[in-house]
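There are 2 protein chains.
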Amino acid sequence: MGQGFTSDQLRLRPLEADDHRRVVAVIDRWWGGRPMSGRLSHVFFIHFRPTSFVLECDGDLLGFLIGLVSQTAPDEAYVHFVGVHPEYRRLGLGRRLYGRFCTVAGLLGCEVARSHTSPQNRLSIAFHQSQGFAIDPGDGEVDGVSVWRDYAGPGEHRVRFVKRLGFVVPAMSRAPRPALGSEPATAVGW
Amino acid sequence: MGQGFTSDQLRLRPLEADDHRRVVAVIDRWWGGRPMSGRLSHVFFIHFRPTSFVLECDGDLLGFLIGLVSQTAPDEAYVHFVGVHPEYRRLGLGRRLYGRFCTVAGLLGCEVARSHTSPQNRLSIAFHQSQGFAIDPGDGEVDGVSVWRDYAGPGEHRVRFVKRLGFVVPAMSRAPRPALGSEPATAVGW
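Top to bottom, those sequences are chains Y and V.
Position 106 of the first sequence, counted from 1, bears residue number 106 in the numbering used here, the numbering being contiguous throughout.
Position 26 of the second sequence, counted from 1, bears residue number 26 in the numbering used here, the numbering being contiguous throughout.
Just so you know, not all the hints are guaranteed correct.
Claimed, not checked - Residues from chain V that keep clear of chain Y, each with C-beta distances beyond 10 Å, as calculated:
no.	residue
1	Asp8
2	Arg21
3	Gly92
4	Gly138
Said to hold, decoys possible - Restraint-style ranges between C-beta atoms, simulated for each label pair:
no.	chain 1	residue 1	chain 2	residue 2	range
5	V	Ala17	Y	Leu107	47 to 53 Å
6	V	Asp143	Y	Glu141	22 to 28 Å
7	V	Asp18	Y	Ala17	30 to 36 Å
8	V	Gly92	Y	Arg29	44 to 50 Å
9	V	Gly99	Y	Gly32	42 to 48 Å
10	Y	Gly33	V	Arg122	35 to 41 Å
11	Y	Asp143	V	Arg22	28 to 34 Å
I should point out that these hints are in silico values taken from the structure, not numbers from a laboratory.
The beta carbon of each residue, even a glycine, is placed where N, CA and C say it ideally should be.
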């Protein structure tokens, strides 16, 4: 596969359990040699498929997003892990993955999406802001950015992001809706 | 704290986000020096509190269980990580943690609980079987035990367990229930 592709060739699909093997095989390289694969438990590839996606082109893995709905706060969705092939960055693939995630999270009833990154990752901070995420003010500051101190472990400060998802109405039908009539809403039986 | 305690001193409570720090501080030691802390993302301590628990005695951490409801199959609950202080094993603490997890998972509507372990961990296999978990037949065998090959990554075979949770009715009231009368169930408005 060359570096060029048209959007017709891109396929964004739900994560499969077998994608764990494919992602683990490339992820350390995608992170410039940093050992990341141990952090990517197969659990995420099995139990969070509704909010996790893969981007492919002609069968090649170009990116993935692992997200979940918080079970502590079910109106919040959370981006756990995102990766884009280093040769295919700045082409809008991250925007596609985040866009699908936020749409699905909204359909599942989530009111906000959350994400976080390390304060050193200026590209990630700029990316989140470009996607409508605001920085969630924390209890510390690193290089002028507000962080949540020790958020991911001792010394592991993180910039937290939050985005309000708004109200998403799924398109069930194109048929005209019946008139609701003049009964007040309180007449509805539940 | 000495090794002895009475069951009155034990406290089983929902996991708090701050427990991440406490668990990470002890877990490598609990696993006999094996580096485990990198596998325990703070995500689990934030987003899966309804099905995750800590056991304490006089404020000391004796054990924890991190569980979740599968978002791919919401009628399945999954034990992700369990640890018991090495000086307090074989005292029934694991049974307490699993018992609470299975009860809560049943109340949340899950029909089965799942767990897994490595085929070398004979104690874990025996423990799961003693708690009513059956081995879920896989596609391979290690030392006479059925395994799911490459389940947690290349070469990482796992024994999978499954337990049917049965039907749990929460005790809402001790008052006698009103008679249902002679109307057929289909008369209920929803």
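Against the structure, the hints come out as follows:
1. Asp8: 29 Å, holds
2. Arg21: 7 Å, violated
3. Gly92: Holds: least Cβ distance 27 Å, greater than 10 Å.
4. Gly138: Holds, since 13 Å exceeds 10 Å.
5. V:Ala17 - Y:Leu107: 47 to 53 Å: Given a distance of about 27 Å, which is not inside 47 to 53 Å, the answer is violated.
6. V:Asp143 - Y:Glu141: 22 to 28 Å: Given range 22 to 28 Å: violated, Cβ gap about 54 Å.
7. V:Asp18 - Y:Ala17: 30 to 36 Å: 32 Å Cβ-Cβ, so the 30 to 36 Å window holds.
8. V:Gly92 - Y:Arg29: 44 to 50 Å: 46 Å, holds
9. V:Gly99 - Y:Gly32: 42 to 48 Å: 45 Å, holds
10. Y:Gly33 - V:Arg122: 35 to 41 Å: 37 Å, holds
11. Y:Asp143 - V:Arg22: 28 to 34 Å: 29 Å, holds
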